[in-house]
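S.K.: The whole structure should be built from the sequences, with the hints applied where relevant.
Residue numbers (this note's numbering), protein chains in the order written: chain L, 2 to 282; chain Y, 3 to 255.
To be clear, the hints were calculated from the coordinates, so they are not data collected in a lab.
Quantities reported herein were computed from a predicted structural model and do not represent experimental measurements.
Please note that a few of the clues may not be correct.
Unchecked claim - Below, a sample of chain Y positions facing chain L; criterion: calculated Cβ distance under 8 Å:
# : residue
1 : H21
2 : G89
3 : R93
4 : Q95
5 : S96
6 : P98
7 : E193
What the hints assert, rightly or not - Not close to chain Y: a few residues of chain L, all C-beta gaps over 12 Å, as computed:
#  : residue
8  : A24
9  : D80
10 : D156
11 : L206
12 : N227
13 : L236
14 : L251
The beta carbon of each residue, even a glycine, is placed where N, CA and C say it ideally should be.
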Amino acid sequence: MSTDPQMTAERVRGPVIQVRGLAKAYKELHVLRGVDVEVARGSIFALLGSNGAGKTTVVRILSTLLKPDAGTATVNGFDVATQAARVRESISLTGQFAAVDEILSGRENLVLVARLRHLRDPGGIADELLARFALTDAGTRRVSTYSGGMRRRLDIAMSLIGDPPVIFLDEPTTGLDPQARLEVWQAVRELARQGTTVLLTTQYLDEAEQLADRIAILHQGRIIANGTLPELKRLLPPAKVEYVEKQPTLEDVFLAIVGDDGTDSTAGAASPAGTKNRGTR
Amino acid sequence: MTKHFVSDTLVLLGRSLRHISRSPDTIITTAIMPIAFMLLFVYVFGGAIRTGSDRYVNYLLPGILLITVASGISYTAFRLFLDMKGGIFERFQSMPVARSSVLWAHVLTSLVANLISLVLVVLVALGMGFRSGAGVAQWLAVAGIMMLFTLALTWLAVIPGLTAKSVDGASAFSYPLIFLPFVSSAFVPTESMPGPVRAFAENQPVTSIANTIRDLFAQQQVGGDIWIALAWCVGLLVVAYGAAMAVYHRRTG
Chain L
2 MSTDPQMTAE RVRGPVIQVR GLAKAYKELH VLRGVDVEVA RGSIFALLGS
52 NGAGKTTVVR ILSTLLKPDA GTATVNGFDV ATQAARVRES ISLTGQFAAV
102 DEILSGRENL VLVARLRHLR DPGGIADELL ARFALTDAGT RRVSTYSGGM
152 RRRLDIAMSL IGDPPVIFLD EPTTGLDPQA RLEVWQAVRE LARQGTTVLL
202 TTQYLDEAEQ LADRIAILHQ GRIIANGTLP ELKRLLPPAK VEYVEKQPTL
252 EDVFLAIVGD DGTDSTAGAA SPAGTKNRGT R
Chain Y
3 MTKHFVSDTL VLLGRSLRHI SRSPDTIITT AIMPIAFMLL FVYVFGGAIR
53 TGSDRYVNYL LPGILLITVA SGISYTAFRL FLDMKGGIFE RFQSMPVARS
103 SVLWAHVLTS LVANLISLVL VVLVALGMGF RSGAGVAQWL AVAGIMMLFT
153 LALTWLAVIP GLTAKSVDGA SAFSYPLIFL PFVSSAFVPT ESMPGPVRAF
203 AENQPVTSIA NTIRDLFAQQ QVGGDIWIAL AWCVGLLVVA YGAAMAVYHR
253 RTG
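M.R.: Here it is as C-alpha cells:
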C-alpha cells in the first residue's frame, strides 16, 4: 500500500471532510437538521449517536449514495453533489452490513474490487491483503463459511484496495462478538497509522473512546457536541460515564474466561487500551 | 467513468456467471418446470388435443421455450434483490464503477443462464420426439427472437429486483408471465376458445411469438406474425428498460 499521506495532504489542504448545514428529510421525518462537521486529514473521527440519530444518513450522503436536501459537503476537496465521481475515487465505504459476496471466496472478493478499481495485478493485491488481515488460510474458501469477524475483516480489506485517502465505516462492530470487535479495532488503528482518514459511526461509547481522535455526538439530526475525549468527558453526565467504565470490565472477564482476545488478527497493530489480558502470543 | 463501462460490466458479468456456475441448481430449476409441463402436455393431455400437426411436441415446444424464459428471469430479480439487500450493491455504487454496469452485468447473466436452460429444454424435447428440418438460418432466427424476448423480460425483472421488500416479492412477479402462455396459441389452437378468451389469446404477445417460432421450426413461410412478435418484444424492451432505469436512478440518486 503505497500512497504517501504527506503528498496527499499537500495536494488538498485543509480538512479532508467538510460538512456545512447538511439537511435531509424523508417526507415529514427530518433526519438531519443542519449538520456541521470538519474532519482533519489522517485522523479517526467518530460520529456517535443512538439508533435513528442520522449517522448512516450522513455517511450515505458523504459517500454519494444519497443527495442532501440542503447544505454542502466536500470530501478530499470534491463536492459530493457536483463531483460525485471524483469523490468515489477518494473514498471507500464499509456499510453496516458486511458488503461481501457470499458465494465468492475471500480472495475472489478482493480481486473483484481491485479489478473494479482498475488496478494492476489484482491477484497480488488480494494476496497481500489476505496476509495482512490473517485471512490467507481462508482465502480460497467461500465467504459464506466465514465467521462474523472474518467477514468484517474481509469487508475492511476490500475497502483498503486502491488506497483511498478517506474510509467510512458505518457501525463497523455492530452485531460482532467481543473478539471480532477487537479485531476490527486493530484494523482501524492500522489504517490511521498509515495515514488514512477514518470516519466511523458508532452507538457504542467505548468504541468512540477507544479509537477516535475526535468525537462528535449526533442527536436528533444535529451535532450537539464535538471535541476530543477529555473535552467531552467534562460534558457527559456521571451516570453515563459509570456505564462506559463498567462495560470493559465485563469484557475483560469474558475474554479472560474465553482466553482469546483476537491479537492474532492483524500483525503489528497497537493493543487496545483497557483490555488487560494481552499476550496470547 | 463511462470509459470503463465495458470493462466494469465484464468484470461484474464474470462475478455473476461465477455465481451461476456455483449454483447450477438455478439453471436446473429454471428448466424443470417447463420440462414437466412438456411431459404433462405431450403424454397426458396431448392425445386429446387436435393441432393439425403430426407431432404434438412440435406444436408445443415454442410455448414451452417462452415459459422457460418467463421462469428463468425471476432469478435476475432474485440475484439483484440479494445484492441490494446485502450491501454489495452500495459498495459498487460508492466505488468509481460505471453506474449502469451493475445492472447490465445482471441482464447479460440472465441472457447466458436462460440460453443454457433453453438448450436443456430443447435437448429434452428432442428426446421426446421433437423434430425440425430447420436450417442454420431458421435456428438463428429462433435464437434471436428468444434472446430479444429474454432481454425484454429481464429488464422487466430488474424492476422488482430493485424495489422488492422481500425475496418472495422479488420473484413472485414472474408467475403471471409463466401462465400467460396458457391463454394463447402455445398449447392449443385459439380457434377452440370462446369469443372473449380467443380475442385475448390472439392479441397477446405469446401467440404471435409462439406462432413465429413454430413456423420457423416447421420451415413454413413466416406470416405477419413475425412483425407483431418483434413489435411486442422491442416495445416491451423499450418500456421495461426505460422503467427499470427510472427506478434505478430514483433509488440510487
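S.K.: Given a cut of 8 Å on the nearest C-beta pair, is the interface hint for Y/R93 held or broken against chain L?
M.R.: holds, 4 Å
S.K.: Verify the interface restraint on Y/E193: the C-beta must sit less than 8 Å from at least one C-beta of chain L.
M.R.: This hint is violated: Y/E193 lies away from chain L, its Cβ roughly 49 Å from the closest one there, beyond 8 Å.
S.K.: Under the criterion of a CB-CB separation shorter than 8 Å, is Y/Q95 in contact with chain L as hinted?
M.R.: Since the shortest Cβ distance to chain L is 6 Å, the answer is holds.
S.K.: Would you check whether Y/P98 satisfies its interface hint, that is, whether its CB is within less than 8 Å of any CB in chain L?
M.R.: holds, 5 Å
S.K.: For the hint on Y/S96, just tell me whether its beta-carbon gets within less than 8 Å of chain L.
M.R.: holds, 4 Å
S.K.: Going by Cβ atoms, does L/D80 stay more than 12 Å from chain Y at every point?
M.R.: Holds: least Cβ distance 14 Å, greater than 12 Å.
S.K.: With a cut-off of 8 Å, does the beta carbon of Y/H21 approach a beta carbon of chain L closely enough for the hint to hold?
M.R.: holds, 5 Å
S.K.: May I ask you to check that L/L236 keeps its beta-carbon over 12 Å from the closest beta-carbon of chain Y?
M.R.: The claim holds: L/L236 sits with its nearest Cβ about 33 Å from chain Y, beyond 12 Å.
S.K.: Going by Cβ atoms, does L/L251 stay more than 12 Å from chain Y at every point?
M.R.: The claim holds: L/L251 sits with its nearest Cβ about 30 Å from chain Y, beyond 12 Å.
S.K.: Measuring Cβ to Cβ, find out whether L/A24 lies farther than 12 Å from everything in chain Y.
M.R.: holds, 16 Å
S.K.: Can we confirm that no CB of chain Y comes within 12 Å of the CB of L/L206?
M.R.: Its Cβ never comes within 12 Å of chain Y, the nearest being 25 Å, so this holds.
S.K.: Quick check for students: does the CB of L/N227 sit more than 12 Å from each CB in chain Y?
M.R.: Check passes; 25 Å lies beyond 12 Å.
Consistency with the previously given hints fails for numbers 7, 10, ordered from lowest to highest.
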